[in-house]
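Number of protein chains: 2
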Amino acid sequence: MQVLHMNKGNGDTSYAKNSTVQSKIISVGKPIMKEAVLEMLCNNVIESMGIADLGCSSGPNSLSVISEIMDTVEAANRLLGRRMVSEYRVFLNDLYSNDFNNIFMSLPAFYDRLKEEKGLECESCFILGAPGSFYGRLFPTNSLHFVHSSSSLHWLSQVPAGLESNDLKRLNKGKLYISKSSPQSVVDAYLLQFRNDFSLFIKSRSRELVAGGRMVLSFMGRSSTDPTTENSCYQWELLAQAIMSLAREGRIEEEKLDSFNAPYYAPCTEEIKDEIQKEGSFTIGRLEAFEIDWDGGAVTDIHTPHGKLSVGRQVAKAIRAVVESMLESHFGIEPDVMDDLFIRYGDIVGTHLSKSRTKYINLVMALTKKW
Amino acid sequence: MQVLHMNKGNGDTSYAKNSTVQSKIISVGKPIMKEAVLEMLCNNVIESMGIADLGCSSGPNSLSVISEIMDTVEAANRLLGRRMVSEYRVFLNDLYSNDFNNIFMSLPAFYDRLKEEKGLECESCFILGAPGSFYGRLFPTNSLHFVHSSSSLHWLSQVPAGLESNDLKRLNKGKLYISKSSPQSVVDAYLLQFRNDFSLFIKSRSRELVAGGRMVLSFMGRSSTDPTTENSCYQWELLAQAIMSLAREGRIEEEKLDSFNAPYYAPCTEEIKDEIQKEGSFTIGRLEAFEIDWDGGAVTDIHTPHGKLSVGRQVAKAIRAVVESMLESHFGIEPDVMDDLFIRYGDIVGTHLSKSRTKYINLVMALTKKW
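These protein sequence lines map, in sequence, to chains Z and P. Numbering of the first sequence is given in my numbering, commencing with residue 83 and proceeding in unit increments. Numbering of the second sequence is given in my numbering, commencing with residue 83 and proceeding in unit increments.
Here chain Z stands alone, though its shape is the one from the complex (with noise of 0.2 Å):
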């Protein structure tokens, strides 16, 4: 999946300004991770401490999880009176195509506020850029202590594999993902897929990671065993209203709609455990669910016929932040047409949203290497 990435540079559609869910949810998340940094400092002497972070993206989210695990190690310092970690070795991942130039660019200021902030010098601190798919090996064998990823392992390596070929591809009409129309193979094609990757993901991390690290993944799922339950699915169900209100009007091709289907896939905790205890290599310390709002937790009153356009607007610029990528390569769609499907789909959302608060289900989970 080439083409995913999150909308690039600083402006008003840009994932930099449109993060505030993915911010929320590192909030959310933070106690556990914190929590995580702490156990693996009581049981390990680090002389050169590898932290990565995978899936960060590009925006005031990508560096704010690192210096979170940063402080936690240096607070620990001063707790105990001595240097658990003289040396960090941070590795910033995602995609090939994602903005790392971005990133980069806000490397000195970062630096500078290590420096006046911890008093860290240069000599011990390296932050490096790692592109490449996670559902595949990045680092060297045994070279991290600590692995971070928030708001990405719901989306997967490629639409589920038997809903690409030409045969399967318009088994779920209508639809952009998952939905009580869908047929069950549609559902088991992307259970499926998620099988496979997420077990990858935990292989090549068990491999790369020293014996007593940690991990600790956040990322979207579903309380319910049943996929089509309405927090896992339905802010997918909208986009496809909207893309098709344009598709009647003969300015997006329904056909293509058809076709499409989101490389996403929000899973039960026992569909994760499942996986993780065939892999073996790791032990669940925690594996907890939070309700995110889809606006991330915006104070507006929803009731207001202002405040349901706003919030309406909020999420799908949130949203179009993140999917517009796959959209455009999928779709061709012009801009101007892009512009009216994200105003079309904040009206549907903001009219939902009065009517039913449906939430993001995000679940949190502190993996811990075996010995």
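Take these hints with a grain of salt, some might be off.
Repeated chains share a single entry, so a pair holds when one copy, or any two copies, can fit it.
Claimed, not checked - Cross-link-like lysine to aspartate or glutamate pairs, in silico, EDC-like; alpha carbons within 20 Å at most:
| # | residue 1 | residue 2 |
| --- | --- | --- |
| 1 | 285 | 203 |
| 2 | 285 | 169 |
| 3 | 285 | 205 |
| 4 | 116 | 169 |
| 5 | 255 | 312 |
| 6 | 106 | 153 |
| 7 | 200 | 169 |
The hints are simulated quantities; they were obtained by calculation from the structure and are not laboratory data.
Once you've looked at the hints, dock chain P against the given chain Z.
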């Protein structure tokens, strides 16, 4: 010098499309680089080989050196019938503002070639981006085995310190670099900046390389001890002429030309040896000088009117791709004036080369970190 970066992208004025001189320089240094790799392999057992290319820029040259180094190791493997290196950790370095996005997008094809041509699986080669200035630490202590840098170390970390102050910055009136008419204080300021920068470079790499590790450096220099010798500075002399001709028409401020001094220095071998010996942790294996044509050795006949024009234009484009970001930031030149400047520069260069075949002097050296 945050604004120093090669022209981005793949367009007509991009560095990617105008870097044949740098490619020529890489190929001239290749035998020395290959020799250094082989010597190092003979004396070291390397599980995971750390290779850094410093000042990698973007475009076709960025991965060519890495590819050559890996070819050499793989050929040695075949020769000796055993794997000398089982894993490559490759670090591509350049300043924060370099076009890393462009390099990273070319990695999938590069990995495919590694697999096809060398049979290397994805778990045996990890290519990372390491943004930052090489005048300072970039990598953990003792983490590298081989450092390469081509066409980068003639760039200073800043305009020579003394020449930036308001009192002194007009000392080098009408010139961009050391010139026959520059006062001794200008020449001294350049030499001092080079000494400080180069010694910091050597000291930083000394910490990062393992004992027995190698470093092959190649950059512009001079064969004479006289810093005003034509081979070391005449490209700047002619660029100053082109800027002056626009200044006379009021299209560029002459005052800005007076206050511009390029953060560039072409040292002689004695100046380099001095700093390496003072630092003390490297032995010098080779230090050789090569003449390089300004146009990278194209076969065009300069003595026809067409040839003169064509060579002049080519040299102007190659230099534009390198210095445009600096000129833009200092002079605030509009795009049409910039185009005009490099048309004039091309004419001046063509006329000069048809009379006197001035060459660049490229210095190549192989250093070994002492045990």
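Could you place residue 255 and residue 312 in one of the four classes (within, between, both, neither) given a Cα distance threshold of 20 Å?
-> within (19 Å within a copy, 72 Å between copies)
Intra- versus inter-subunit Cα pairing at 20 Å for residue 200 with residue 169 | within (13 Å within a copy, 34 Å between copies)
Same-copy or cross-copy closeness of residue 106 to residue 153 [CA-CA at most 20 Å] = within (18 Å within a copy, 47 Å between copies)
Alpha-carbon proximity context of residue 285 and residue 205, limit 20 Å = Close across copies (12 Å), not inside one copy (32 Å); limit 20 Å.
20 Å Cα threshold - placement of residue 169 relative to residue 116 = Answer is within: at 18 Å inside a copy they meet the 20 Å cutoff, but 33 Å across does not.
When no copy is specified for residue 285 and residue 169, does a C-alpha distance of 20 Å or less occur within a copy, between copies, both, or neither?
-> Between copies only: 19 Å across, 27 Å inside.
How would you classify residue 285 and residue 203 at a CA-CA limit of 20 Å: within, between, both, or neither?
-> between (35 Å within a copy, 16 Å between copies)
In summary, the structure agrees with every hint in the numbered list given earlier.
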